[in-house]
Amino acid sequence: MVDGPAPATKKIRGLSHKPYRIRARRSHSVGMSESLDPREIARIKKLARSARIRRIRRRTAVAAATLAALFSGAILARGQLDQSTLPGDTTTALVSRAGADGEDESQGEDVGVVETVLQSAVQAIGGDTTGQGQSPPPASAAQPLTTSQS
Amino acid sequence: MSATATDDATVSRRLEALGGSVSIQASGPGAGPAVERAEAAIRDLQQRLTRFEPESELCRLNSDPRETVEASPIMLRFAAEAVMAGHLSGGLVDATCLDAVEAAGYTRSLGRSPVSGSVAGLASRPTAGSVSPGGPDPRRRWMSVSVDPRRGVLTRPVGTRLDSGGIGKGLAADVAAEQMGDLELFAVDCVGDIRFGGTGGFERQILIDSPDPGAGPVGSIRQTAGAVATSGVTRRSWIDPDGGTAHHLIDPASGRPARTGVLQVTALAPTGVEAEVRAKAALLSGRRRAAEWLTHGGVIVFDDHRVLAVGIESFSEGPPG
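As given, the protein sequences belong to chains Y and H, one line each in that order. The numbers in the first sequence follow our numbering, run straight up by one, and end at 150. The numbers in the second sequence follow our numbering, run straight up by one, and end at 1321.
Treat the hints as calculated values from the structure; they're not laboratory data. Note that the Cβ used here is the ideal one computed from N, Cα and C, for glycine as well. Check each hint, because a few of them may be wrong.
[What the hints assert, rightly or not] Some chain H residues judged to face chain Y by a derived CB distance under 7 Å, without partners named: (1) 1036; (2) 1037; (3) 1153; (4) 1155; (5) 1185; (6) 1191; (7) 1192; (8) 1308.
[Claimed, not checked] The following residues of chain Y were derived to be distant from chain H, with all beta-carbon distances above 12 Å: (9) 42; (10) 52; (11) 53; (12) 55; (13) 56; (14) 57; (15) 61; (16) 66; (17) 144; (18) 145.
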C-alpha cells in the first residue's frame, strides 16, 4: 500500500497523539486543554507566539520594502511630476493597506511609526504631504549664477 | 553699490568688496531687510579681514606683539575656519602662508584683472619649478592658532600672520547666507564663491567660468542649494621679476606659486568655506589626486584644457544651449 500525501499540518515535537495546526492558533487552547498537561500547553502557546511574531516581522518587512520603493520612486519622479502628485495620502494608504489585516496591536503601532517616517521622508525630499502644492519659482530663479576663480 | 527690485518680491544688490564684485539676490517675504543684513555682514567682514588696509583688525592682529589678542566674533570665526581648513586639507590650505604670498609679489589688491595674455600664453611662460603636486608646510603653523570664543581671544605664536584670502570669501558667502536662510530663494556671489538656496527648493543653473579670460563657461550644473567655489591659477596672477608668471595659489611646501598641472577647480560643498577649501586642496594636490577632494562634486580643468566633472550628474559641458 502506498501512503497518500502528508497532511498539510505541522507536527509539534512531543505531541504524538494529535497533530496541531499552527495556523489554527485561536481554537487550540479550548480543545486541547482537556488532553494536554500545562507544560505542553505552555509549549504550544510559545510556538504559536513565535509564529505570530514571525508574521508581524514579515509584515513589517513588507511595509519597510514598500516604504523604500516609494521613497526611491518619489526621488526619481520628483523632477518630472508635479509636486502635488507626491502627497503623503497615496503612500500612506499603501503602507496602511500592507498592515490592514494585522491581528496584533503592536503591528498597528509599527505601521503608525512607518507612516510617520514615510511622511517625514516625503517632506524631506520636497514633497507635499498636505496636498497643498508648491508656489511657482520667482523669476530670479531662472537667472544663472556664475562661479569664477576667486 | 546698487540695489534693484527686479520684481515685486525680489531684491538684488551689488557692491564692490573682497577685491571684486559681490552680488546678493533674494526673493520672498522679508527679502529686503534680509539683504540689508547680508550686505552689512559682508561689509563688516571686509573691513575687519582685509590685509590691504593697515587699520583693519587683521593687519593689527598680524602685527600685534602679544601672543593672545582680543578679537571680534567674525575674526574668531575666521581663525577657527582657518584651523578647520588646515585639518580638512591636511595642511594644503594654509592660512599662515602670508609671508610666501607676499614674497611671490601679491602685496596689493589685484581685483579680478587677469594677467595679460591667454591661458596658452600663461602655460608657455617660464615658471619657477616644474609641474608637481603641492604639499603641506612641515611646520604646520596653522595648528598653533586657537580661539576662545568665551573669552573672545585668539592665540597664536607672535609673528604668525594670517591671510584671509579665499577662506575669507567663502566665509563672507556663509555669513550672508545665514541672514537669508529662511527666505524663499537667495543667492550671494562673493567674487566667485557662491552660496544659494532657500525654502522654496528651486533649482538654479550655475555656470562655471573658463580659466581662459574672455572665453565662455566650460560647463554648467544645476543645484537647489549649497555652495560652490572656484580656485585657479589664471586670475590674480602677475609677471614676476624674472619674466615668468606668478599667482596667488602658494604651494605651502615650497612657498612658491603652485604649478600642479591643474588650471582650475570648481568644488561643491554645503558651505562656502568648505567649497573653497576643497577647490584649493584639489588644485594643489595635482592631476592625479585632484578628484579625491571633490567629495560633494566638482569640475577640474587640467592644463591641457581637458575638463573633468566629478560626481555631478547635472553637469553639462560647454556653454548652455
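Hint-by-hint comparison with the structure:
Nearest Cβ of chain Y to the Cβ of residue 1036/H: about 17 Å, over the 7 Å cut. The hint is violated. The interface hint given for residue 1037/H is broken, as the beta carbon of that residue sits about 19 Å from the closest beta carbon of chain Y, more than 7 Å. Residue-level restraint check for residue 1153/H is violated (minimum Cβ-Cβ distance to chain Y is 29 Å; threshold 7 Å). Given hint, residue 1155/H at the interface with chain Y, is violated; its Cβ is 28 Å from that chain's nearest Cβ, farther than 7 Å.
At about 6 Å, the closest approach between the beta carbon of residue 1185/H and any beta carbon in chain Y falls short of 7 Å, and the interface hint on this residue holds. With its C-beta approaching chain Y no nearer than about 5 Å, residue 1191/H sits inside the 7 Å limit, and its interface hint holds. The beta carbon of residue 1192/H is positioned within 7 Å of a beta carbon in chain Y (closest approach about 4 Å), and the interface hint is therefore held. Interface restraint check for residue 1308/H: the shortest CB-CB distance to chain Y comes to about 16 Å, outside 7 Å, so the restraint is violated.
With a minimum CB-CB distance of about 57 Å to chain H, residue 42/Y clears the 12 Å threshold, and the non-interface call stands. Residue 52/Y, annotated as away from the interface, keeps every beta carbon of chain H farther than 12 Å; the closest lies near 44 Å. Residue 53/Y, annotated as away from the interface, keeps every beta carbon of chain H farther than 12 Å; the closest lies near 42 Å. Once the 12 Å rule is applied to beta carbons, residue 55/Y is consistent with being away from chain H; the minimum gap is 41 Å.
With a least beta-carbon separation of about 37 Å from chain H, residue 56/Y lies farther than 12 Å from that chain, consistent with its non-interface assignment. At roughly 37 Å from the closest C-beta of chain H, the C-beta of residue 57/Y stays outside 12 Å, upholding its exclusion from the interface. Consistency note on residue 61/Y: stated as away from chain H, and its beta-carbon is indeed over 12 Å from all of that chain's, at 31 Å minimum. Interface exclusion of residue 66/Y from chain H stands, the closest Cβ pair being 25 Å apart, more than 12 Å.
At the 12 Å boundary, the C-beta of residue 144/Y falls inside the reach of chain H, the nearest C-beta of that chain being 4 Å off. The Cβ of residue 145/Y sits about 5 Å from the closest Cβ of chain H, inside the 12 Å cut-off, so the non-interface label is violated.
Going through the hint list in order, the structure does not satisfy hints 1, 2, 3, 4, 8, 17 and 18.
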